[in-house]
Every structure is written in structure tokens, then in C-alpha cells.
Amino acid sequence: MALLQIAEPGQSPLPHQVKRAIGIDLGTTNSLVATVRGGRAAVLPDEQGEVMLPSVVHYRRDSVPLVGTAARDLGAQFPADTLMSIKRFMGRGAVDASDDAKRSHYRIAEGEQGLVRFVTSGGDFSPVEVSADILRTLRQRAVATLGGEIDGAVITVPAYFDEAQRQATKDAATLAGLRVLRLLNEPTAAAVAYGLDAAEQGVIAVYDLGGGTFDISILRLQRGVFEVLATGGDTALGGDDLDAALADWVLEQSSAPALTAGQYRQLQSAARAAKEQLSVLEEVDIDLSGVLPGGGTLKVTRERFESLILPLVKRTLRACRKCLRDAELEGGVDNIVMVGGSTRVPLVREAVSDFFKRTPLIDIDPDQVVALGAAIQADILAGNRPEGDLLLLDVIPLSLGIETMGGLVEKIVPRNTTIPVSRAQEFTTFKDGQTALAVHILQGEREMVSDCRSLAHFELRGIPPMVAGAARIRVTFQIDADGLLNVSAREEITGAQSSVTVKPSFGLSDAEITSMLQASFSHAPEDKLARQLAEQRLAAWQLLEGLKAALAADGDTLLDKQEREAITAQMSELQRLVDGQDTQAIRMQTDRLGRLSEAFATRRMDKSIRQALAGVSLDALDNEVSQ
Amino acid sequence: MPLPEFQRNYFQLFDLPESFELDQGQLGARYRQLQKELHPDRYAGASAHEQRLAVQYSALINEAYATLRKPLSRALYLMELAGMSGERVAGEQLDGGFLIAQMELREKLESMEDLVDPASALDHLTTEIRADVAELQTHFSEAYAAQRMSVAASACVKMQYLDKLLHEAEQIESRLLDR
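Order-wise, the sequence lines are chains H and F.
Here the working numbering is used: the first residue of the first sequence is 1, the next is one more, and so on.
Here the working numbering is used: the first residue of the second sequence is 1, the next is one more, and so on.
Just so you know, the hints here were simulated from the structure itself, not pulled from any lab data.
Because the structure is a prediction, the values reported are computed rather than measured.
Don't take each hint at face value.
To be verified - Derived lysine-lysine pairs resembling DSSO-like cross-links, with alpha carbons at most 27 Å apart: (1) Lys548/H <-> Lys607/H; (2) Lys561/H <-> Lys607/H; (3) Lys314/H <-> Lys357/H; (4) Lys357/H <-> Lys322/H; (5) Lys108/F <-> Lys322/H; (6) Lys561/H <-> Lys548/H; (7) Lys108/F <-> Lys164/F; (8) Lys411/H <-> Lys164/F; (9) Lys548/H <-> Lys19/H; (10) Lys411/H <-> Lys431/H; (11) Lys164/F <-> Lys322/H; (12) Lys322/H <-> Lys411/H; (13) Lys70/F <-> Lys411/H; (14) Lys70/F <-> Lys322/H; (15) Lys164/F <-> Lys70/F.
Unchecked claim - Each pair of labels, with its calculated beta carbon distance range: (16) Ala90/F <-> Arg40/H: 54 to 60 Å; (17) Gly86/F <-> Ala599/H: 29 to 35 Å; (18) Ala42/H <-> Glu87/F: 55 to 61 Å; (19) Lys431/H <-> Gly91/F: 21 to 27 Å; (20) Gly86/F <-> Arg564/H: 43 to 49 Å; (21) Asp334/H <-> Ser85/F: 40 to 46 Å; (22) Ala48/F <-> Arg107/H: 39 to 45 Å; (23) Arg564/H <-> Lys70/F: 42 to 48 Å; (24) Lys164/F <-> Asp73/H: 53 to 59 Å; (25) Lys299/H <-> Gln24/F: 55 to 61 Å; (26) Glu87/F <-> Arg37/H: 55 to 61 Å.
C-beta atoms are modelled at their ideal positions from N, C-alpha and C, and glycine is treated no differently.
Model the full structure from these sequences, guided by the hints.
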């Protein structure tokens, strides 16, 4: 994401300066921002001292969007202009999302490529744009508190988010002017927040019942490495559904005619308030005046509420059981971390406690724990912490594969595979003289194409005509540490190649993001040029600083005299250019030096491998093995 | 993008002896140690080229770990190192007795969901299959150590059959849970 480097022209980044790094929990109901200051993670409040920003945006004509509490207060009055629970729509198509939209009383339109857009009196907006408005508010809060632009952010996503939903989240952050250090799974973030205080070893289950999604993850912490063993959940189950179960019951009791959108919103908030009170009280009276035509009050006991939500809670436990099996644990779970406001519901706590036979950890506020963990990870990735602190090894939540004959999906990377990962599979042609092969990439656990999520199509052309089955086509899936996918195909005999970075059709293209950014920043042309120069300088500085350190450490042992001289000569040339104004020349020289130093970098990695293993003393190994 | 050229195989990468018997504790410890050095998170501030390299190395280490950790993939990998490709292993002749036993197990599995107490029947069956798998692993280990590659290959194929059955049993279990 070179577009958003923050360094000003002429200002080179200092190598060891503390970076302003933030963690953002972009939630269905509420969003938070946190940072690490003085070694401690803390959430950042707004000017009124509130840490939770309601994930609600209100759009109206001739006005800037309102975000947060002010927007939420307008929800009942202007339901179609006040967008809430937008996270449920991220990365989804209009057709796919129409049921949810109807329930929320939104007007939706189908945008390009089936993209869902909400129609408000302030204009049409995609879920990505709405999320960007929320993220922008949090970014501004962080800038004001930390006293300067943010160097990088970790944004959390439900572990069960698919490729399209992840990409949409990343697009929203980019649009909000944030440099994304990493997309981090919410349960993993929560485990990180606990992991730093908790015991150094052990298996942790994270039960995360948020506003709109349910995640369960099982992780093992061992010697500073957090390994996600398995993850599962339900993208369409959360606190909102608990509210809806109660709201629907209220409607049944009242035999009221169809509600208006505004009335339904009010009923939902009344149900939510009742749910929250029932965590402490045995019974509450729901005030229905202004909510239902008849008005009055309705008594709800905790028992009644629990019987209404029991099927939903059981659904979460089924996911837990599957996840436990996937984790292939030998012993049990040592700790359970509870995340999300809905885990305050006593029935949820009891059910989870019974299921895992452990008392859940609730020391850290379940609403804040994800943001705090994200802040810690942001701090690590920004380089603010000493090395060897904590490493996260995450997994992909859903299997990835391609379509084969007969509408079947051949899985190439199964779910719960640790990322990053690169995996290849060979295919062949099925017709004589076939010269092209369509590659259809899918995500999901089912066997039929029609039951899986379609991510992208591309075509490999230029296969020489051969008899069926003679061509050897190697399809490689590469997934980076954010869980984002790149697929390439190559015919082995001729070397014909084709590849695609999977931008699901529901995300935004790079060009769209660029133009939207330009519109929102409305930079003068000279600003844009200055920005490009600044970015290029930053890349050059990074390379130079890295190489200087690398040469000091390994220049004598890993390079011969000639190689070393060649590298230092090109470094001096880049050093000379970097203070000038010629963006293009800096770019070319950075590329040249990068290519020249490739072999050196590879040798250094190989050396790291040897050293890493030499560093594991036999004692330490024996220790660990005996545990 | 080509993978980094390691001169070493997966066992050498983790500095472990090339055999079917494997110390899982050592494998895990060395895996974590390598990731601590080479994971892309450790290169978040590095040049784009180094970040790319880190992704490739980290992916390779993950792949090596996943291959060696599970007995079946480890056995197949050992066969591959010995020059027996997956296709050749798959072409190994199986005895009729094994195939008949397979068919019986499969029939039992398929009729499972009609039983009165499918969950415990399923549990019983998977325990039985796992015991067979353990026995096959011993067969493989002995045959491989004695370099009787054809016997080792047929043990691999049988393990693959049983692995598939266990996978189907899991899917039935999921369906039972969702009822």
C-alpha cells in the first residue's frame, strides 16, 4: 500500500523512532481504537471520554456523514439514512444481502458487479465506504490523541471472514487513509491481549460472540509463539440475533400489525436494553410505548429470555465441538477467553463453562480485549518492541480450491492450514487440442461448485495443442500472512503462465480505491507529486538502511569482495539520488539495487535457518519435550 | 515466483534424522524456532524484496512442518525421497482381503445415520479404524527401515484408504451434530 505512506517530502524516517501504531476493532455494533503507550495497551477515548464508537453512520443531503452516538440517536427517526450493523454486508453481493437488508429496513441498490449499495438521502454508499467513515473517525481520534499521523494499523476481522470480506475490510481501511500493517483475526487478538499476562504455555480457547458474528478459535502458546490450531464459527450469528429473538417474541405476544421501519428499530433497541438488564436482573419490564401501537409494558423473565436464546447458544457449542476436533488436541483446554458483549449473558457463560469444564477468563473487558490485542500486535509489527517478543501463526478459516470437471471442487489448501502457505497441484487438459484452461477459484467446505463461494476466474492461454491429458498445468495458491490469496497457473512443458491476485468481485479495484482516495483528499497535483516522491524516498531509505545493517552483520562472511563492491557502488548511487527530486530515477535505482542484493538476502535467510536451529539448545528442547 | 532453492530436504531443514520414527517435540520446537526468525512479521519494516522472501521461506517451513507432522504425509514424503512418486505408490497392488474389509467398513459407515444411536456406533467404528491405522504405521516403519519399498508402498496406500474413511466419518459426525 505505497499510496499512503505518511512521511512528508524531505523528511526521511528515522530508523529507530517509535512508530505511532494502532489497533482497531471494527465491530458490528461498536468499534474501538487502542494503542500501546509506555509498554501498556490502552483504548483511546473520544473527547467525551467514551471509548466505544457505535458502528453507525447517518447520511443526509448536504452534510458530512455523522458517525457514532449522534448517528445512532437518529436511527429510529431516519432508519433508511442511518446505517448500522454494516459489517454483516461487507464483501457480500446485493442478492446475497437482500434478506438482511430487508430486516434492517435499508433501501439497497445493486452497484457494479453485483456490489451492494445503500440508498440514503445523502447518496448511495457501499458497505466499504460506510466502514471507511467509521475507520476515519477512529483514525482522527488516534491522531488527536497521539499528536501526529498514524504510521500503521492492525485491523481485526472475524476469523471466519472469507476472502471477499477480508478484502473489503482492507479496502475500507485504505479508503480511510490507514496503512494496514495486518488484518488480524479477532479471537487471535483477544488471545494476544491475555497471552502477555497469562502463563507462558498452554492451550487457549477463545469464544467470541460479537454483535453479528460468532468465532471460536483454539490456540497454543509455547515459548513466545502463538499457534492457531483451529478456528470455526458462524458469520451470521451474534448478539443482534439474541435481540431479534426477544423482539420477535414481543411481537408474537402483542399481535400488533406490521411495524414501520422506525418502530422496528425502536423495538430492537428495547430488546437490546432488556437483554443487557437481564444479565443482572431476574426479570424486567419492556416499555413498549412509542414502540408498539398498543404501548404498555411487557414483563420478561430471565428464564423466558434463556429459553428464547437457547437454540442460538447451542449452535455456538456445536461449532465449538467441531473446532475442538479440528484442533486434534491431546489434552484439554487450559483457559477460555470470553470476547464480545454477548458473553455477558449468564446463560452463555454457563453453557461455555460447562462445555469446556473450565471457568472462563473475564479479567479484561470483553468489549475491549480485541482492540487491546490488535494494539499489541500493531506495536510488534511497527518494530517498537525488542525482537523475539511474540509471534503469531494464524490459519486460513475456509478451504480454497478450484473447479474441476463435473462442477466439483478440488481443494488445494484445506481450512486450518497455517499461513503463509504456498501449495501447488497439477491438472491437465481434458479435450484433444485444448489450448486454454479456465481456472475458477472457490472457497468453502462443500464438494459442489454451486455450494461454495466463487472468488475469481482467470484463463491460462497458449497451451500448445496436445492430446487430452498430455499437458501438465501447475496451479499454485499463495496465501500471505493477511490471509489474502494469489493464484498462478503455468503449463510446465511450454512455460505459458497466467496469474491473478484475488480481488473478489465484491471488493474494489485498485483503480477505484485510488480515484476515491483522490476525491476524498482532493489533493492539488503538486501535492500528489510530492507524495509520490516521498513514498519512493521511503522505499529507498528502507532498502538502504536494511542493506547497511545487513552488510555490517554479514558482508564479510556471505559476500566475496567483488559482490560487496558491486552492492556498495549501487548503494552510493541510490544515496546520491535519494536527496534529489527525480522520483523516476530513485524508483529505477531502488529496483536495480533490490535485484542486485537478492542473492545476498537469500543467503542471509539461509544463515538465519542455521542459526535458529543452533540456538535451540538441547536443554531447552528436552525441557519442552518433557512437558 | 519460484520457491527458494533449499539444498536440503524437509528432514534436513529441521535437522532431524530421515526416518519414519520422529520426535514430535523436537519437530515442534524447531518449527517454532525457525518461524521466529523467518516469519514475515519479523520483516514488517524491511524492503519489499525481503518481505517477499520471508513469505516464501515461512511458507516453505509451514509446508515442511505440515508434511512431517502427520504420519501419512510423512510416509509419502519418505517414499518420494526414495524415488517412489505418488503415482507409483498408488499403483501398488493390494491384497483382496484388505479391499473386502474396506468395503465392509464403508457399508457400515454409510448405514450409520439410520441407527438408533449413531453417535456411539460411529465412535466405535472410528476407534476400530484408528487401531488399524496404528498397525499399518508399524508395518510401514518396519518395511521402510528394511528398505522393502514395495511393502512400504502398499502400507501407504492402505493408510490412504483408511484416512479417507476417517474423513468421511468426520463428515457424518458433523451432520449428526447439526441435527
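Verification of the hints:
| no. | hint | verdict |
| --- | --- | --- |
| 1 | Lys548/H <-> Lys607/H | holds (17 Å) |
| 2 | Lys561/H <-> Lys607/H | holds (19 Å) |
| 3 | Lys314/H <-> Lys357/H | holds (16 Å) |
| 4 | Lys357/H <-> Lys322/H | holds (17 Å) |
| 5 | Lys108/F <-> Lys322/H | holds (23 Å) |
| 6 | Lys561/H <-> Lys548/H | holds (16 Å) |
| 7 | Lys108/F <-> Lys164/F | holds (14 Å) |
| 8 | Lys411/H <-> Lys164/F | holds (14 Å) |
| 9 | Lys548/H <-> Lys19/H | holds (21 Å) |
| 10 | Lys411/H <-> Lys431/H | holds (22 Å) |
| 11 | Lys164/F <-> Lys322/H | holds (18 Å) |
| 12 | Lys322/H <-> Lys411/H | holds (19 Å) |
| 13 | Lys70/F <-> Lys411/H | holds (18 Å) |
| 14 | Lys70/F <-> Lys322/H | holds (20 Å) |
| 15 | Lys164/F <-> Lys70/F | holds (14 Å) |
| 16 | Ala90/F <-> Arg40/H: 54 to 60 Å | holds (57 Å) |
| 17 | Gly86/F <-> Ala599/H: 29 to 35 Å | holds (33 Å) |
| 18 | Ala42/H <-> Glu87/F: 55 to 61 Å | holds (58 Å) |
| 19 | Lys431/H <-> Gly91/F: 21 to 27 Å | holds (26 Å) |
| 20 | Gly86/F <-> Arg564/H: 43 to 49 Å | holds (44 Å) |
| 21 | Asp334/H <-> Ser85/F: 40 to 46 Å | holds (43 Å) |
| 22 | Ala48/F <-> Arg107/H: 39 to 45 Å | holds (43 Å) |
| 23 | Arg564/H <-> Lys70/F: 42 to 48 Å | holds (44 Å) |
| 24 | Lys164/F <-> Asp73/H: 53 to 59 Å | holds (57 Å) |
| 25 | Lys299/H <-> Gln24/F: 55 to 61 Å | holds (58 Å) |
| 26 | Glu87/F <-> Arg37/H: 55 to 61 Å | holds (59 Å) |
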